[in-house]
Amino acid sequence: MKEVMEEAVLLFLLLVIYTPDAQGTRYSPPGKPELTRCRSPEKETFTCWWKPGSDGGLPTTHALYYRKENSDTIYECSDYHTAGENSCFFNKNDTSIWVNYNITVVASNALGSTFSDPVDIDVVYIVKPNPPEKVTVTVMELKEWPFLRVSWEPPHKADTRSGWITLIYELRVKLEGDDEWEMHLAGQQKLFNIFSLRSGGTYHVQVRCKPDHGFWSEWSSTSHIEIPDYLHREKSMWILIAVFSAFIFLILTWSLHMSSHRSLKHCILPPVPGPKIKGFDKQLLKNGKSEDLLRVLVVSDFPPTTPSNYEDMLVEYLEVYVPQEQEVLLEESKDLHDSCLKFEGSTSDNDSGRVSCDSHTLLMDKCGEAKEEGRQTDQEDSTTEAEAQGQQKDWDQDTLMYANGDILSPEKSSGRVKTWPSVFSPLPQYTLSLPDQTSSLEMAKQHCYSDSLFCPGSTSSYLTHLGNNDNETLGPGSWEICLSNRQPYSHIPQMQTCQQVRSHSDVNISTIARKQEPAGLPLPFFRPTAYVEVQRFDEEDMVVLQSIVSDHGFHEGFPQMLQQEDYSKVKGVDSNNMLLLQTEAMKEDGDGTTPHKPTAHIHTVVSTQDEMAQPASGYVDTATIFTLPTY
Amino acid sequence: AAEARWLTKEPLEVNYLLQVRSVLLYMVVSSSAVPVTDLLDRASQRSDKLHALSTSLSQELNSHLPLIGRVITPRPSMCHTAALQTPTDKTQTLQLSEANLLSLARSLLQAWMDPLVDISTSANSLPHPARNIISNQVQELQEHSKSLEDGLDILSRKMGPVAQTISFLPYLRGNDISQDRISSLINLQFLMSCFRRDSHKIDSFLKVLRCRAAKLQPQMC
Chain A
1 MKEVMEEAVL LFLLLVIYTP DAQGTRYSPP GKPELTRCRS PEKETFTCWW
51 KPGSDGGLPT THALYYRKEN SDTIYECSDY HTAGENSCFF NKNDTSIWVN
101 YNITVVASNA LGSTFSDPVD IDVVYIVKPN PPEKVTVTVM ELKEWPFLRV
151 SWEPPHKADT RSGWITLIYE LRVKLEGDDE WEMHLAGQQK LFNIFSLRSG
201 GTYHVQVRCK PDHGFWSEWS STSHIEIPDY LHREKSMWIL IAVFSAFIFL
251 ILTWSLHMSS HRSLKHCILP PVPGPKIKGF DKQLLKNGKS EDLLRVLVVS
301 DFPPTTPSNY EDMLVEYLEV YVPQEQEVLL EESKDLHDSC LKFEGSTSDN
351 DSGRVSCDSH TLLMDKCGEA KEEGRQTDQE DSTTEAEAQG QQKDWDQDTL
401 MYANGDILSP EKSSGRVKTW PSVFSPLPQY TLSLPDQTSS LEMAKQHCYS
451 DSLFCPGSTS SYLTHLGNND NETLGPGSWE ICLSNRQPYS HIPQMQTCQQ
501 VRSHSDVNIS TIARKQEPAG LPLPFFRPTA YVEVQRFDEE DMVVLQSIVS
551 DHGFHEGFPQ MLQQEDYSKV KGVDSNNMLL LQTEAMKEDG DGTTPHKPTA
601 HIHTVVSTQD EMAQPASGYV DTATIFTLPT Y
Chain B
1 AAEARWLTKE PLEVNYLLQV RSVLLYMVVS SSAVPVTDLL DRASQRSDKL
51 HALSTSLSQE LNSHLPLIGR VITPRPSMCH TAALQTPTDK TQTLQLSEAN
101 LLSLARSLLQ AWMDPLVDIS TSANSLPHPA RNIISNQVQE LQEHSKSLED
151 GLDILSRKMG PVAQTISFLP YLRGNDISQD RISSLINLQF LMSCFRRDSH
201 KIDSFLKVLR CRAAKLQPQM C
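Those sequence lines, one after another, are chains A and B. The letter at position 239 of the first sequence is residue 239 when you use the UniProt record's numbering, and the numbering goes up by one with no holes. The letter at position 64 of the second sequence is residue 64 when you use the UniProt record's numbering, and the numbering goes up by one with no holes.
To be clear, the hints were calculated from the coordinates, so they are not data collected in a lab. Take these hints with a grain of salt, some might be off.
[Unchecked claim] Below, in silico cross-link-like pairs of lysine-lysine (BS3-like), each with a Cα-Cα straight-line distance of 27 angstroms or less: (1) A:Lys134 x B:Lys215; (2) A:Lys134 x B:Lys90; (3) B:Lys90 x A:Lys190; (4) A:Lys92 x B:Lys90; (5) A:Lys235 x A:Lys276; (6) B:Lys49 x A:Lys210.
A quick note: this is a predicted structure, and the numbers were derived from the prediction, not measured.
Use the sequences and the hints to build the structure in full.
Structure, rendered in structure tokens:
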């Protein structure tokens, strides 16, 4: 009875102990383990890890078995501890490469054992090195800019020296507190420089490596580095630069502002020159009293009586240049914008109303005694025209043409030819001066006398001057002085200029063989005397002058007068409407206007025009001729 | 001149700039004998690329292989190049002479010339979703192999008669042409796994050679 009672108690106790477990502790064989990974750090050894399954409630042991490729021998792992728990470490002796391992893990407990799934691995495919070692980070300076130099060494186990493992490296940097890293691939080198740093910060640097056909290692432990404070240095420099440039900018704007009141405005927008006539009163014009206006325009003090004044006035020289045969150069000074000197290279055409050189109608040096009215010279030479245009000056100055010193005595040295004054009262004095340097026909300039005297087509007479009175014809060298009241030719550009100048002038025209003859024009071609007579009156009311082969005494002076300057000067207009021309015998006379000899009479058929009422028309007002005082 | 030509040969890059660079390099190099280190460096670059290509191709094939295929994949010991005795660990490898290493590399490479042709053929008719990609990669593989072979040929002439010895590894063609789709796929994958390993061997040998030859340039190793 007692025994039965004891057995019952034992059974009861067993039941009590074992049954109250709610989950029902049932021992079972262990769960299936699982090989998680195998890794080799240097291609010489490797480790495999597994994850055990449930243990089935019983103490479970695990074992790893492996089989190599070509044999059927099963080996068990010899080292379960080196690599930690649930691991198997294959040492060098057990490791073969380029050989497939078939690995299985077995979990065993009291109730049974469970095999894992086999895994085939080849050691060369599972290489994951250790992180690089001895990572050093230093701050270096390159021209005051800091940069980081990171250096490291390969993991000590990896044999890179023999080429067994080839490693490539990568590092990453970030500022303390940042979330994102900056990655840099370093290749096979073990040194790396990082630029573009921010001063005054602390940087974290890490390095890792990877074999040529393997896995990346873990990141090395973080290296901290602090960049010294270059901040204030760079910032202060920028502040200085900013302040300085602002200062300069202020100065510039201030100076601009100051200059804008005066000179800047003038620089950008120069004032448009307006016509100014001495004595011209706008108010009079507005008032409509033309008579008063004209009266005013008749300048009483022209020509200037005192020779000393002439230097105050603008000197205009009309230089007639005769090509080839004549080397008469008439050159207008640049002030002579308002005088047109037409230099025609060819024979005159009918339209122009000019007389060709052949006609010898001009009051050139030859026609010393020829008297002529003031002429208007038209120059068709485009070059001179353009030049004359460009030479327009202020009206104040340009209206004054002065006879160069002595009207009747041109300066030989200067080679000036005094243009005729023409009898025109409004005509200013022109001096034709031969430039020293002119040497060719091409240099003949068109000078359009702004007097409108030179407007071709005017009703006044045209004068054609021939530099050479001799057999040579001034084919190319003829020039004309047009005195016309007509409408100016269209090709004369400066119509408006013709209106301006009204003054008397004794113009001495002479063809001068310049003292230095640059073009080698034959000096002998210059004739000392040119006699001009009015040949005819053109249908255009032009005075056609013809040089008269003179029988004057001057002719014999031909050769000698080569070097001399010949002047033809309009002495005046007599009552018979004749232009008195005279040649200058005394060149050095200076101011004297003593006529040498009237050499020719020019019969002028001048028709008075209506242009008298148009003082500003630029035409020669023949009517005014008669009113001109002779001198 | 031949080595210079090989050095500058870029089989796959059609890039014009690269070609220009190659021409310039050729002109520079052809004027003098090319040092072995440069040749080895170039060769190891080629072999590295070759192995990378084979790895990617192998993975491409594996990803689409049905599960059953993995089970019955032949073992690598059945590769036709298994007959060639190659080192199995680092110690053995480093004991080999340079000429031996080169000879092994060349033998392996040579052994794969014909199989690659087969692989290319079967890849073209592969019942595989990524057939074009695979086909292109196989094409690349072939070109790189050829280029590497030429380079190693040039190298071997500089390294003596032993280096010029090539072991002949016969390749037995697949049994039938009329294999079923799974079988052809499995076969292809098997071949690729063999090639992947062999290309890794070649690469390892050449890199060991490179480091040995570059004793004056420790930074390379």
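Inset, instruction - May I ask which of the numbered hints given earlier this structure violates, with the numbers listed in increasing order? - result: Going through the list in order, the structure violates hint 5 alone and respects the others.
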